[in-house]
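Colleague: Be aware that the sequence shown starts at 1, since it is given in full-length UniProt numbering, and climbs by one per residue.
It is worth saying that the hints were derived from the structure and are not from the lab. One should not assume that every hint holds.
EDC-like, lysine to aspartate or glutamate: derived pairs with alpha carbons at most 20 Å apart [as the list claims (entries may be wrong)]:
#1 97 with 111
#2 107 with 390
#3 97 with 108
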Amino acid sequence: MSKHHAKPPHGHPAPAYAPPAVTARQILGKWPVWALPSILVTLVSFLLALIYSGGVADPRGNVRNLPIALVNQDTGPIGTQFVQGIATAPNPRHRIKWEVLTPAEAKDRFDSGRLYGGIAVPADFTASLNAIIRPGASTTNIRQPHVVLLTNPGAGSLASSLATTATQAVVPPASRQIGAQLLDRLTRTGARPNTAQRMLLDDPVTTTSAPGHTIGVRTGLGLTSFYYTLVLVLGGFLGANIISNGVDAALGYAPSEFGPFRRMRSPVLISRVRTLAVKMVMSLALSVLTASVVVLATAVIIDLDMPHLFLLWVFSVCAGAVVGVGVQAITAIFGTLGQLVAMFFFVALGLPSAGATIPLEAVPAFYRGLAWFEPMRQITGGVRAILYFDARGNAGLERAWLWLCVGLVVGLVLGFGVTHFYDRRGLFRIDPEKVGGT
1 MSKHHAKPPH GHPAPAYAPP AVTARQILGK WPVWALPSIL VTLVSFLLAL IYSGGVADPR
61 GNVRNLPIAL VNQDTGPIGT QFVQGIATAP NPRHRIKWEV LTPAEAKDRF DSGRLYGGIA
121 VPADFTASLN AIIRPGASTT NIRQPHVVLL TNPGAGSLAS SLATTATQAV VPPASRQIGA
181 QLLDRLTRTG ARPNTAQRML LDDPVTTTSA PGHTIGVRTG LGLTSFYYTL VLVLGGFLGA
241 NIISNGVDAA LGYAPSEFGP FRRMRSPVLI SRVRTLAVKM VMSLALSVLT ASVVVLATAV
301 IIDLDMPHLF LLWVFSVCAG AVVGVGVQAI TAIFGTLGQL VAMFFFVALG LPSAGATIPL
361 EAVPAFYRGL AWFEPMRQIT GGVRAILYFD ARGNAGLERA WLWLCVGLVV GLVLGFGVTH
421 FYDRRGLFRI DPEKVGGT
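Let's have the full structure, built from the sequences with the hints guiding it.
Modeller: Put into structure tokens, the structure is as follows:
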């Protein structure tokens with residue numbers, strides 16, 4: 001039995017076929033629509049909260065082995081006694097790593113960012129202390145002894161602040177101990193200390209502050225290296241995602257949509273290995289452009305203090321390229337979930353383990369472990385060395401170059417190795433029989 005449809009009125013076109021409408025309520029009522037997004041959103045939010053809050057919760061409580069110098073320039077014996085008293089004082093949980101150094105050694109380590117602070121004892125320290133117990137001494141003719149608290153703003157504002165707090169805490173006890181010994185020496189001679197001497201000997205040593213290493217004015221108090229690194233990593237990460245989506249659209253594996261306009265190309269028959277090669281080459285090529293505009297924005301337009309500009313540009317190109325290659329490899333291995341995996345590896349885990357805003361000596365051990373291989377940590381070290389420490393290799397630049405090479409090799413090997421395995425197993429992105437052309 002056949003069905004007859006009424007013809008449309010004369011002069012009116014036949015209505016286009018419209019599929020049955022699906023309502024939003026029908027879609028929202030299906031649990032598979034909710035399942036994967038709910039799991040991923042919940043897991044991502046939970047992990048991000050753990051990662052970020054765990055890294056910043058208690059920097060002072062997490063401090064371990066904060067590198068601080070003890071520099072003795074005193075020509076007399078009391079300076080040595082003062083320094084040794086600080087170095088051998090109780091150091092619970094090894095919070096401070098006291099390093100007794102010569103002035104030349106201290107300068108070298110300040111200039112390479114390996115010290116966060118220091119205490120320098122001047123050459124006339126013993127002489128100025130002995131002047132207090134000299135017979136007839138008074139406050140009018142005595143210059144009170146002092147030590148210099150050294151800072152290193154290039155290590156970061158918080159690192160320098162933690163070091164300053166530590167040095168300010170240890171000087172008064174050592175000062176009072178020296179004062180008590182001097183008072184004992186004075187009374188043993190049979191002399192009676194006057195009021196001025198007693199006041200000075202209660203706490204004879206004062207402090208002044210000075211930078212152990214200076215950085216430029218337009219350096220964000222030592223934070224420009226972190227923000228510059230963040231721009232490089234985010235640029236490499238986002239650029240790789242844009243390239244990946246663009247290539248997939250050009251190959252017909254994903255639609256390209258601009259507002260209300262949508263286009264789906266005919267799929268092209270191409271292996272996973274060749275697709276990855278296209279994406280990686282584009283990431284490598286475009287890293288030159290992205291690094292150039294980053295340097296233009298920061299060094300020229302914003303006018304940040306950026307010495308060794310050509311070296312910084314070369315390093316930026318290489319850093320962006322390695323991040324881009326790594327993201328492409330991860331996306332090729334994990335598919336759509338690769339963007340989340342790459343985000344966690346390059347950004348989420350990288351921020352608290354970079355040692356830029358909070359020094360690694362003030363974060364939990366988990367983040368110090370991540371810092372051994374996290375790309376953001378290595379890039380931060382290289383950028384910081386170039387911007388603040390005269391591009392010295394031992395300031396972190398050598399390590400940064402080494403790990404960029406390692407990262408590039410790992411990204412290439414894993415990316416092409418896994419995609420080659422997928423191709424060998426016949427795990428194509430689209431059924432070759434459904435491809436209409438090449």
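Colleague: Take the hints in turn and mark each one as holding or not.
Modeller: These are the hints, each one checked on the structure:
Note on residue 97 and residue 111: the hinted pairing holds, with a Cα-Cα distance of about 18 Å set against a maximum of 20 Å. Proximity of residue 107 to residue 390 is assessed by CA-CA distance (about 13 Å); at most 20 Å being required, the pair is judged to hold. Proximity of residue 97 to residue 108 is assessed by CA-CA distance (about 17 Å); at most 20 Å being required, the pair is judged to hold.
Hint check: no violations occur; every hint is consistent with the structure.
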